[in-house]
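Protein chains: 2
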Amino acid sequence: MKRIMITVAYDGTGYNGWQIQPDAPTIEGVLNRELSRLLGEDIHVIGASRTDAGVHAEGAIAVFDTSSSIPADKFSYALNKSLPEDIVIRKSEEVAGDFHPRRVDCKKTYRYSIWHDVFPMPVNSRYTHWVHYPLDPGRMKEAAAFFTGEHDFAAFCSANADASSTVRRVYDMKVEYGPPFSRSDGRSYYGRIDIFVTGSGFLYNMVRIIAGTLIEAGEGRIKSGDIPGIIDSCDRDRAGDTAPAKGLTLIGYEFG
Amino acid sequence: MKRIMITVAYDGTGYNGWQIQPDAPTIEGVLNRELSRLLGEDIHVIGASRTDAGVHAEGAIAVFDTSSSIPADKFSYALNKSLPEDIVIRKSEEVAGDFHPRRVDCKKTYRYSIWHDVFPMPVNSRYTHWVHYPLDPGRMKEAAAFFTGEHDFAAFCSANADASSTVRRVYDMKVEYGPPFSRSDGRSYYGRIDIFVTGSGFLYNMVRIIAGTLIEAGEGRIKSGDIPGIIDSCDRDRAGDTAPAKGLTLIGYEFG
Numbered sequence: 002m003k004r005i006m007i008t009v010a011y012d013g014t015g016y017n018g019w020q021i022q023p024d025a026p027t028i029e030g031v032l033n034r035e036l037s038r039l040l041g042e043d044i045h046v047i048g049a050s051r052t053d054a055g056v057h058a059e060g061a062i063a064v065f066d067t068s069s070s071i072p073a074d075k076f077s078y079a080l081n082k083s084l085p086e087d088i089v090i091r092k093s094e095e096v097a098g099d100f101h102p103r104r105v106d107c108k109k110t111y112r113y114s115i116w117h118d119v120f121p122m123p124v125n126s127r128y129t130h131w132v133h134y135p136l137d138p139g140r141m142k143e144a145a146a147f148f149t150g151e152h153d154f155a156a157f158c159s160a161n162a163d164a165s166s167t168v169r170r171v172y173d174m175k176v177e178y179g180p181p182f183s184r185s186d187g188r189s190y191y192g193r194i195d196i197f198v199t200g201s202g203f204l205y206n207m208v209r210i211i212a213g214t215l216i217e218a219g220e221g222r223i224k225s226g227d228i229p230g231i232i233d234s235c236d237r238d239r240a241g242d243t244a245p246a247k248g249l250t251l252i253g254y255e256f257g
Numbered sequence: 002m003k004r005i006m007i008t009v010a011y012d013g014t015g016y017n018g019w020q021i022q023p024d025a026p027t028i029e030g031v032l033n034r035e036l037s038r039l040l041g042e043d044i045h046v047i048g049a050s051r052t053d054a055g056v057h058a059e060g061a062i063a064v065f066d067t068s069s070s071i072p073a074d075k076f077s078y079a080l081n082k083s084l085p086e087d088i089v090i091r092k093s094e095e096v097a098g099d100f101h102p103r104r105v106d107c108k109k110t111y112r113y114s115i116w117h118d119v120f121p122m123p124v125n126s127r128y129t130h131w132v133h134y135p136l137d138p139g140r141m142k143e144a145a146a147f148f149t150g151e152h153d154f155a156a157f158c159s160a161n162a163d164a165s166s167t168v169r170r171v172y173d174m175k176v177e178y179g180p181p182f183s184r185s186d187g188r189s190y191y192g193r194i195d196i197f198v199t200g201s202g203f204l205y206n207m208v209r210i211i212a213g214t215l216i217e218a219g220e221g222r223i224k225s226g227d228i229p230g231i232i233d234s235c236d237r238d239r240a241g242d243t244a245p246a247k248g249l250t251l252i253g254y255e256f257g
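Residue numbers (the numbering used here), protein chains in the order written: chain A, 2 to 257; chain B, 2 to 257.
These are calculated hints, taken from the structure and not from any lab test.
Please read all numbers here as calculations on a predicted model, not as lab measurements.
Every residue gets a Cβ at the ideal spot worked out from N, C-alpha and C, and that includes glycine.
Misleading hints may appear alongside valid ones.
[Claimed, not checked] What follows is a set of in silico ranges between Cβ atoms, one per label pair, in the way DEER data are often shown:
| id | chain 1 | residue 1 | chain 2 | residue 2 | range |
| --- | --- | --- | --- | --- | --- |
| 1 | B | Pro181 | A | Gly179 | 24 to 30 Å |
| 2 | B | Pro245 | A | Gly179 | 26 to 32 Å |
| 3 | A | Lys75 | B | Gly139 | 29 to 35 Å |
| 4 | A | Asp233 | B | Pro26 | 53 to 59 Å |
| 5 | B | Tyr78 | A | His101 | 19 to 25 Å |
| 6 | A | Asp236 | B | Ala25 | 41 to 47 Å |
| 7 | A | Lys175 | B | Tyr78 | 51 to 57 Å |
Isolated chain A (complex conformation):
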C-alpha cells in the first residue's frame, strides 16, 4: 500500500464544487470514479480543500491509497487519459503513509480576479467577476494590508460553517492591476484586478468575503481604516458581500 498525492487543476464552471454528492458532478466524485476504474480498487481521495461550486483550481491537492504497482509519477499520465478536459492531474508523487493534507502545516494561495470595465470581457468571463461600477484599486490595496497576521476571522465566515476555531493566519495579501483607461461615461476603469491571498487555511467562504469587502473598499463604501474594527467585531454583517464563485481560483500549496 502506498499513499499518492496528486496536484489537480480544474475549470470549476461545470461542477458542483469539490466535495462528492450523490446527484451532481463534483471534482471528488469524478476523481474517485476514474481512479477506481483505472486501478480496479475502491478509491476515495482526501482533498486538502473543498472548493465551492464554480470555483477553479490551478493546484488543488488530494491523496489516495493504492496497492497498484504503477510508479507514483505515472498516475498523472494514466489518469489524464480518462479524465474530462476540464480536470487535469498536473503531478502525482508518493508521500508518507500518514501524510494527511488537511492536518499538516501549509500555506495556501488563492487568487480572486475581477474584470473592471463598462462591459464584460469574453476571453476571461468564465474566470473573473465583472464589476462595472466605480472602483479604486488603490483603496483595495490599502484595505488589503489590514488582513495580514493572525486574526479571529469570524466576521469573514459564512453562517453555515462548522469550524472549531475561527482564528486563521494570513501571510500575504496582494492587489495587482494595470493603468486605468477612461470610457465615454467619464469614468476610469482598470480592466483586470487580481487579489492574491496566502494563508494558513481559510474559513468557509473566507476568501470570497475578503474579496467582497475589498470591492466595497474600492467603491468607497467601506473605509480601509475600518477593516481592523470589522475583523475585531467578529460580526459577519459588518464585512462585505460574498463575491461570486467564478472569480476564485485555488492557486496552490506550500507544505512544511
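Knowing the structure of chain A, use the given hints to seat chain B on it.
Leaving out everything else, chain B in the frame of chain A:
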C-alpha cells in the same frame, strides 16, 4: 449619416473567424445581423483585421455607417443587449466619414500564448497552445529580437495570401514568462509563455508563423542567429510551422 467605430472583444472558439461566410457563424456575420436588426438598416461593418477561425480578440476594430440618431457612445450598450455572450462591444465612438480602418497608419498588437507543462491547464486551455516538449523561452526571446524593423516577411506568410506587398514593419516583440519548475521527467517547464508582437500590419498567418518559428527556436531546432537568413530567404519552407489559432489574441490598435 455618420460613421461609428466599434471596439470588439470576442472568444473566437465558436466562430469561423471574422469574415462573413454564408453557412458558418462569423464575427462579422453576427455584427451585421444584430446591427441591422437594432437599427432597421442594412448594416455592413468594415473590420480593421480579419482574424482566422478560432482566433480571439480583446480589441478588434470595425466601422459602419448609419443614419440612426442613437448617440455614438450608446451603440455599445444597445448592441451588447442582443449579442451572444462571447462577443462584446467594448466601446463605440464617432469617427470621420472617410475613416477606413484598413487604410490608416496604425500599430496593431497581437499576443500569442503558450502553456508549457507536461499536461494542459484547464483554466487557460481555450486561449493557449499547449506545448509539452522541452522549450527554452530565453532562446525564444533571443530569436524574437531579430524580427523588429522593416522586412520583407514573405517567408512568414501563408501561400494563399494575396497581399500586393509582403513588406511590413514590426515595432516591438516581447517574450514574457515566469520562473521554471521541474517535473518528475527531470525537465524544466515554464508554464505560461506570452509572445507580444506589435506591427504596422501583418500578412496572412504572419503572427502564427512567427510564433511557430519562435517555438522551434525554443526547442533548439532553429538557431536564433538563423532568423535574419530565414527572413531574407523569403522562403516559407524555412520558417517554422503555423502555430494553432487558439493561442492567438488580437489585443488592440493604436491609430495615428
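Evaluation of the provided hints:
no.	hint	verdict
1	Pro181/B to Gly179/A: 24 to 30 Å	holds (25 Å)
2	Pro245/B to Gly179/A: 26 to 32 Å	holds (27 Å)
3	Lys75/A to Gly139/B: 29 to 35 Å	holds (30 Å)
4	Asp233/A to Pro26/B: 53 to 59 Å	holds (55 Å)
5	Tyr78/B to His101/A: 19 to 25 Å	violated (53 Å)
6	Asp236/A to Ala25/B: 41 to 47 Å	violated (56 Å)
7	Lys175/A to Tyr78/B: 51 to 57 Å	violated (34 Å)
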